[in-house]
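Peer 1: The lines below spell out each chain.
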Amino acid sequence: MSFNKYLPHVLVLPEDDANLRLANEFHLQINQLRQMQLLPVAEGWVNVLDLFENVHVREMERDPLRFMILLIDFDGAANRLQLAKARIPQALMDRVFVLGVWSEPERLRAAEGSYKDIGFGMAEDCRRGTNETWGKPLLQHNAGELARLRQHLVPTILFPPP
Amino acid sequence: MEAVSWGTVPSPVFPVPVSSQGGGNSSHLRIPCIISFVIRRLYVHNFRCLENFELPISGRSSTLLIGKNGSGKTTISLALQILRKIGQDTSRVGELVKPKDLTHKSVPMRFEIEVELEGKIYEYTIAFEYPEGFKELRVFEEKFTVDGAPVYTRNVAQVHLLRTGQEADFLIDWHSVALPIVHLRPTDDPLFLFKLWLGRMLILRPIPSLILGDSDQDTLQPNTQVTNFGAWFQGLLTDSPSAYSKIDEYLKQVMPDLKNIKNPTVGKESRSLVVEFSNVQGSVTLPFADLSDGEKCFMICAVVLAANSAFSQLVCFWDEPDNFLALDEVGHFVMALRQAFQSGGQFIATSHNPEAIRRFSDENTIVLYRKSHLEPTTARPLNELQVNGDLVGALIRGDVEP
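Which chain is which? The protein sequence lines are A and B, in order.
Sequential numbering of the first sequence, starting at 6, is according to the numbering used here.
Sequential numbering of the second sequence, starting at 17, is according to the numbering used here.
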């Protein structure tokens, strides 16, 4: 078996290659590698939502231990989070997180350094409860979703206590 | 100057422990904890498709080499294999390189490697030439330095040895490499440490169907096809018994019904690995040879992780680690290796598998490219190339070229 379906696990559905590479570097830092699975890129934020709705909603309804992170570009659109949330069934709302760069990962990399450093910083923030990387201008809009993620995913999947 | 007759091999300058001679069984060699031993530079010239070739892996704990078939990925591992063989005490030039390996017959073939150990820089250079009328190559130049200071230099047969308070000149057979011969004090000598590290480089291209799990000795040096897996497993546990917990930890994540691995004696001096699985329904014990190809790769991965943890700072070159794995395993397999080598050592992989390729970033992916069989390999980090859209899509379209 690949990731452990019999423990809480999270699937990450990235919009594109850049988001996947950022997610990779985050993944590399977590304690339970096999409780996170990165999915193939969806090729666009609309496709992320379509795929989520058409494929993953049913699977999540069948599997109460499954969480999902939808990794999309916000492209500077203030209503993107609301548009995404509107596609998430109320019953799954606590188990789905919509995260992403305010513009796109390439600009975040240009502003903050390599994906490796950014992914490491994001994971370290989750591990230590800090906000150094997540507080950067292109990431700070994630604060609400990040707070939920810290509550639900950090202690169970990402950085469970030893 | 110490006079040595032509064509003879001088005795070691300093005593060498018997256990360090010969590459077969090195499980009793105790190396002081190696920290931060990583390749800073690998330069190869005039070896097959590698001409004036430098692999840009400095500062990267993990690196992926991608490129079309014939672009030179495996040739890089062959170059490392030559250096590893030197580290494993192969000194005969004919056992290391052949005239057919030369790209240009009239130009020396050159290998240079620069590594770091606890902040010290170790540089080793070996060059071979193929003079007219010779049947095999001979050593043209050899040099070993620590932090820029030569420990020894060599020009054809003439070796000049330098150490604090000690200096010597002697001649050596020009068909023999000096590094395996010029032993100095074990344990704390930089040359000894370097050679031991070089010999422990893991260069893996496993063929699971040939891996049976039988052994009649133990070793810390798996061969490239890992057909001596049983000996490697035993050698690691003999040297570092605590490595079993690391092996067990990884394998139980991948195969939750694994109970244990045993390596019982089956003859006077032979062992054969068996693997026991159990769950609420009962248990079953399988000979290692009966595991699937993918499961054998999990076993190899577990021992790589344990070896890196035990010795710190291994270099592992794995040619297509995704071979034989189920699609949903590839990402986890690669990430487990990348994660383990973050804390020390270097993991270098080659791959054509989309799932494996996607598990590296463009900052640690190197694109190898070769225009034709008449031209040499070039290497460029992916982040220096313009790739439009998804990398795997661009690779399928053939649009990833330096």
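If you're looking for bench data, these hints aren't it; they were derived computationally from the structure.
There could be a bad hint or two in this list.
[To be verified] With a straight-line Cα cutoff of 27 angstroms, these simulated BS3-like cross-link-like pairs (lysine-lysine) come out:
hint	chain 1	residue 1	chain 2	residue 2
1	B	262	A	10
2	A	10	A	90
3	A	10	B	268
4	B	114	B	159
5	B	275	A	10
6	B	136	B	84
All values derive from a computational prediction rather than experimental measurement.
Peer 1: Indicate, hint by hint, whether the structure satisfies it.
Peer 2: Hint check results:
A C-alpha spacing of about 22 angstroms is found between residue 262/B and residue 10/A, which places the hinted pair at or below 27 angstroms, so the restraint holds. Between residue 10/A and residue 90/A the alpha-carbon distance is near 25 angstroms, which keeps this suggested pair within the 27 angstroms criterion. Our distance criterion of 27 angstroms between C-alpha atoms is met by residue 10/A and residue 268/B, whose separation comes to about 14 angstroms. Taken as a hint, the residue 114/B and residue 159/B pair is honoured in the structure, with Cα atoms around 21 angstroms apart against an allowance of 27 angstroms.
Our distance criterion of 27 angstroms between C-alpha atoms is met by residue 275/B and residue 10/A, whose separation comes to about 20 angstroms. With a C-alpha separation of about 36 angstroms, the suggested pairing of residue 136/B with residue 84/B is violated against the 27 angstroms cut-off.
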